[in-house]
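Trainee: As a plain string of letters, each chain reads:
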Amino acid sequence: MKRALVVFAFFAGLLLIWQLAAASGRWSPVLLPPPRAIALYLWESLWDGTLLDAAAVTMKRLLIGYFIGVALGLPLGLLTSTSEHMQDTVGALALGLQTLPSVCWVPLALLWFGQTETAMLFVVVMGTLWSVLLATDTGARNIPPIYARAARTMGSEGVDKWTRVILPASLPYVVSGMKQGWAFAWRSLMAAEIFVTILTGFGLGHLLQYGRELSAMDQVIGVMLVIVFIGLIADKLLFSPWERFLHRRWGTGLK
Amino acid sequence: MTASDVHPPLAPAAKLIVDGVSKWFRTPRAEVHVLDNIDLRIAEGEFVCLVGPSGCGKTTLLDIMAGLTKPDEGLVLADERKVEGPGRHRLVMFQEPALFPWLTAFGNVMFGLKRKPGLSNAERRDIADYHLRLVGLDKFRNVFVHELSGGMRQRIALARSLAPDPRVLLMDEPFAALDAITREQLYGDLQDIWRKRRKTIVFVTHDVREAVFLGDRVFLLSPSPGRVREEFNIALPRPRDLHSPEVAAVVQQITLALRGHLPASQDAAA
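Same order as they appear, the protein sequences are chains V and H.
Counting in the numbering used here, the first sequence runs from 1 upward without gaps.
Counting in the numbering used here, the second sequence runs from 1 upward without gaps.
It is worth saying that the hints were derived from the structure and are not from the lab.
Even glycine gets a Cβ: it sits at the ideal position worked out from N, Cα and C.
Accuracy of the hints is not assured; some may be wrong.
[To be verified] Residues on chain H that point at chain V, a partial pick, calculated with CB under 8 Å:
{"id": "1", "residue": "Leu91"}
{"id": "2", "residue": "Phe100"}
{"id": "3", "residue": "Ala248"}
[As the list claims (entries may be wrong)] A few chain H residues facing chain V, derived, Cβ under 10 Å:
{"id": "4", "residue": "Pro86"}
{"id": "5", "residue": "Lys116"}
{"id": "6", "residue": "Gly118"}
When you get a sec, could you build the whole thing from the sequences and use the hints?
Mentor: As structure tokens, then:
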């Protein structure tokens, strides 16, 4: 209860400072609209559907691209962890490409795929794939060898060993890799949407960019808040259950 | 090529035969001769202890029996078949419990059972529950590994090794990391279980008293390279008492023998 009060007081304080700054008249309302204007924008665009439509377009791109990235990254990471050749080739490639900010894929994606959904998807996959791959690789390498030995004596070989021992044992690494992959994918998609107009779908990034072009600061800030909100929700829905699961099983992070 | 081609039939019902096993560990800088021409013959239902100081290759020998390591020379026969790799007929209990943290106590015991063919899932669950009761941890069925104490973990590991009903149980200093009180409890458990189930057990330890208390026979190994030096039949009646003078007398005899096989510098350590 006391914690909730502190949180409430903090954010109410922020809003109050903002309101006072906007009301002071020192800055043009075009640059610093009062909080009420943003609330109004959010309320209206929520009801006329622009916000939900844009969010739906963005989420669809993100989720599809993300799951493709994870579906490729997990098995590739397991492969690079086992074979020296895979490590020297695919592993090195992943390490190199992971250092490339995923926004840097946007020009290439546009030239290859044009202003299409595929280009967007490609950018998201590239944002996800490498960090998931590397995290899985690290995870599989850090498994205590005794797990694999115990599993072998109990008759676990091949696919069974990979899915029932190696993968669950490397789960703490894999989940943090997936979380990082999600963050990269989210950032790169926003960047791509701001840069590139795609006629087949009008995402949150586009909405943000149009806000700038129309000098509609209420729209810019409103969409930014929505992006933050979606990020938080995704974290809670996608990753918190996994992290709780890990803490409970591994006994980590407990007080 | 079947085992009988390689080896003429030996003493009847020899469950596990180690025949002329030698092993070297080669690193770019050195070559260590770990095991030298080891011969062992272990009968069905026998409890055999391998005793030696650290570095005598006893763990390596156990790994070779398990099929986790390949010998450079010689071979291991289990039920007259050459051991080519690990298998569920020879389960290993390691020094660390090696339980899987993503599974509950029950899930860990089920792990080996699930990989054993010819059982229904209901039977597997019954067997797992039976073994949890056997080690006295049926109340901790749904508890995760990190919530168990060290002794409980080794008990679960014991249940996990026994549940799939292996023909041979290979134990690598399973109680070494436990405190003395817990260890004595587990000795009792193990002795009880062995009397009930009559498993063939190979037990590796550096603790002579542990070996005398548990074993039918004790093999004495000496280091660099690892060799079997002597063999002792422990004719004491069971159940045994760890602190009885009879056990102490045999312990003294073996400890003296062990000292005799050590280089002078290691004398104190033994």
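Trainee: Each hint should be assessed against the structure and marked as holding or not.
Mentor: Results for each hint:
1. Look at Leu91/H: its Cβ gets to within about 6 Å of chain V, closer than 8 Å, so that hint holds up.
2. Taking 8 Å as the C-beta cut-off, the interface hint given for Phe100/H holds, the closest approach to chain V being about 7 Å.
3. A least Cβ separation of about 34 Å between Ala248/H and chain V goes past the 8 Å threshold, and the interface hint is therefore violated.
4. At its closest, the beta carbon of Pro86/H sits 4 Å from a beta carbon of chain V; the interface hint therefore holds under the 10 Å criterion.
5. Below 10 Å, beta-carbon pairs count as interface contacts, and Lys116/H has one with chain V at about 7 Å; its hint therefore holds.
6. With a cut of 10 Å, the hint placing Gly118/H at the interface with chain V is violated, because the nearest CB-to-CB distance is about 13 Å.
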